[in-house]
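Q: Sequence:
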Amino acid sequence: MKRFRRNPDENDPVTNLDPDGEGLFLRDQERKCGFSSMRLMGFVVVALMVVSVIFSVSVVLQDPPSDGVLESGKDVRSFDVLESSKEERVLEVKPQKVVGPDDDYAPSVDARKDELLSGLLAVGHHERSCVSRYQSVLYRKELLHKPSPHLISRLRSYEALHKRCGPYTESYNKTLEMLKTKHHLESTDCNYLVWISFSGLGNRILTLASAFLYALLTNRVLLVDPGADMVDLFCEPFPEVSWFLPPDFPLKSQFNSFDQKSPHCYGRILKNSTFANSSRLISSSFVYLHLVHDYDDQDKLFFCDEDQTSLQKVPWLIMKTDNYFVPSLFLMPSFEQELSNLFPRKETVFHFLGRYLFHPTNPVWGLITRYYHAYLAKADERIGIQIRVFDTGTGPFQHVLDQIIACALKEDLLPKVSREKPIINQSQKSKAVLITSLSAGYFERVRDLYWEHPTVTGEVISVYQPSHEEYQQTEKRFHNRKAWAEMYLLSLTDVLVTSSWSTFGYVAQSLGGLKPWILYKPENQSAPDPACRRAMSMEPCFHAPPFYDCKAKRGIDTGALVPHVRHCEDMSWGLKLVDNESDL
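Counting in full-length UniProt numbering, the sequence shown runs from 1 upward without gaps.
Since the hints were made in silico from the structure, they are not lab data.
We put the CB at the ideal spot given by N, CA and C, even for glycine.
Be a bit skeptical, because a hint or two may be false.
What the hints assert, rightly or not - DSS-like, lysine-lysine: derived pairs with alpha carbons at most 30 Å apart:
#: 1; residue 1: 313; residue 2: 515
#: 2; residue 1: 429; residue 2: 378
#: 3; residue 1: 429; residue 2: 141
#: 4; residue 1: 416; residue 2: 515
#: 5; residue 1: 313; residue 2: 180
#: 6; residue 1: 482; residue 2: 252
#: 7; residue 1: 271; residue 2: 180
#: 8; residue 1: 421; residue 2: 410
#: 9; residue 1: 521; residue 2: 410
#: 10; residue 1: 416; residue 2: 521
#: 11; residue 1: 416; residue 2: 429
#: 12; residue 1: 271; residue 2: 261
#: 13; residue 1: 313; residue 2: 141
#: 14; residue 1: 410; residue 2: 515
#: 15; residue 1: 515; residue 2: 429
#: 16; residue 1: 271; residue 2: 378
#: 17; residue 1: 261; residue 2: 553
#: 18; residue 1: 146; residue 2: 515
#: 19; residue 1: 313; residue 2: 163
#: 20; residue 1: 146; residue 2: 378
#: 21; residue 1: 378; residue 2: 515
#: 22; residue 1: 141; residue 2: 515
#: 23; residue 1: 180; residue 2: 252
#: 24; residue 1: 416; residue 2: 141
#: 25; residue 1: 252; residue 2: 163
#: 26; residue 1: 163; residue 2: 180
#: 27; residue 1: 378; residue 2: 421
#: 28; residue 1: 378; residue 2: 416
#: 29; residue 1: 551; residue 2: 271
#: 30; residue 1: 313; residue 2: 261
#: 31; residue 1: 515; residue 2: 482
#: 32; residue 1: 180; residue 2: 261
#: 33; residue 1: 553; residue 2: 271
#: 34; residue 1: 313; residue 2: 174
#: 35; residue 1: 146; residue 2: 174
#: 36; residue 1: 271; residue 2: 252
#: 37; residue 1: 141; residue 2: 482
As the list claims (entries may be wrong) - Now the in silico label distances, taken between C-beta atoms and shown as ranges:
#: 38; residue 1: 430; residue 2: 341; range: 42 to 50 Å
#: 39; residue 1: 297; residue 2: 448; range: 50 to 58 Å
#: 40; residue 1: 163; residue 2: 561; range: 33 to 41 Å
Required output: the full structure, derived from the provided sequences and hints.
A: Structure, rendered in structure tokens:
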């Protein structure tokens, strides 16, 4: 591009003032300086544009945020999705200060200080692999009771044992050879308890906690049959070594066929025993323990100290159960002192074991946190109502609805409504009601009640139900994801109403440390009066306990032997742990 220089103009005052031509020279210099300045500014502008484009591209191309991102709060965590070496999507948890309009319901900074639950949880886990392990404390109230130093010590000892003896370790492989040869001739460094995945999700959670406590008491390594969905639902609870049974375990194909008629069933071995002595020595490399609700008197001898002495010699115990059998362990003299040291407060057994063992996987945690923040977080109070109907026929049933409303009103859990005249809301208090049920009918009726009529207190009542699957679908993966998420959401409520006999409700109350109001089981399709009662403790009920005195070798009421084991509120023959306040 050609540049044209302007000729000097004699009418130009600058030229005329400088007859020697210096003015022309100065203007030339000014032009050069101007071009230099413009060129520099151009470079700066271009550089800024390049930086802006790079930044915009990086934002557009970065991975989307995780399902578990918390929307707002004073001190919450966001998850940045990263790519691992195996190109698997994982979650990195970073502290983040977020200020927004929802600061009033965000978890406090103090709550995050105890993310290991006063030492209950171990360090050493990869945080991104299981976000719920460290985030759950943000959604719960502070622990009312602290785990005992002895419990913490025993858990750390068990973790070391599991690391030394877990799947594919040298000790595991050595003991496995004995199982393959079907006999054992020498003592082993490690003994094992294999838990068979059996029954519905609520039962599995309760029985797995029972099995772990038994393993803890007998110094065995617990290995978990993954079943159809256990890996999908629960994080690994122990550092470094998995608790899941390897897929090549030799007996795995027989799990579904194990029953009381199996040759290795403990009860059958006792029936066929030819030993006259009381030690009942067992030479087999494994024994099957049938602790399902239909077990017989010989199977129930598992809860006798004499039989435990015999079982100590067996390297592999295979357990199938649908019972929370912890209360009967507290009636065994050989375990009594150790259990007292582990749990000075008896009603905290499942609360601590559940918080230690059962952490929702990241997909399930996403379901929980998204629902919580969308519907429950801003309420002044959260009320959970868990409905399990055992009646045959098509619901919803009017007598069940009447019972729920009667319980909630009588116990002042929900306010009454005015059906005659409108009431201008005076209260700013809000309550969120979370209903879980296979049917949508109860939710719709309660929701309509508080939509169509004002409350006499002026409180605002919101009613929610995450899902209504119509019938239980135990083997379906997403069904169980939602079931686990709903149990967990119920455990995050402030007040809880549960249904009699329901293990779903037991899990929720115990994880949340809640003493629920229990709805009595209706009889003859009529609402009981009273409709409900407060639970004695947050512990689950053992539905099918033995009634046998091992020393006297006769029947006995096992719910009347010690103050801390009583009959359940919802099942007169069941057993549950309670605290004797005079001992605390």
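Q: Within 30 Å, alpha carbon to alpha carbon, are residue 141 and residue 482?
A: 23 Å, holds
Q: When you check the alpha-carbon spacing of residue 378 and residue 416, does it fall within 30 Å?
A: 22 Å, holds
Q: Against the 30 Å threshold, does the CA-CA distance of residue 521 and residue 410 hold or violate the hint?
A: 17 Å, holds
Q: Do the alpha carbons of residue 553 and residue 271 lie within 30 Å of each other, as the hint requires?
A: 16 Å, holds
Q: Run the distance test for residue 416 versus residue 521: straight-line Cα separation, threshold 30 Å.
A: 24 Å, holds
Q: For the pair we were handed, residue 180 and residue 261, check the Cα-Cα distance against 30 Å.
A: Cα-Cα ~21 Å, so holds.
Q: Are the Cα atoms of residue 141 and residue 515 separated by 30 Å or less?
A: Roughly 14 Å separates the two Cα atoms, so the pair holds.
Q: Given the hint that residue 378 pairs with residue 421, test it: the Cα-Cα distance must not exceed 30 Å.
A: Distance of about 29 Å is within 30 Å: holds.
Q: Could you grab the alpha-carbon distance between residue 313 and residue 163 and see if it respects the 30 Å cut-off?
A: Cα-Cα ~22 Å, so holds.
Q: Tell me if the straight-line CA distance from residue 429 to residue 141 falls inside 30 Å.
A: 20 Å, holds
Q: Take a quick look at whether residue 261 and residue 553 sit within 30 Å of each other, Cα to Cα.
A: 24 Å, holds
Q: Taking 30 Å as the top limit, are the C-alpha atoms of residue 313 and residue 141 close enough?
A: Answer violated: residue 313 to residue 141 is near 44 Å, above 30 Å.
Of the numbered hints stated above, those contradicted by the structure are hints 1, 13, 16 and 35, listed in ascending order.
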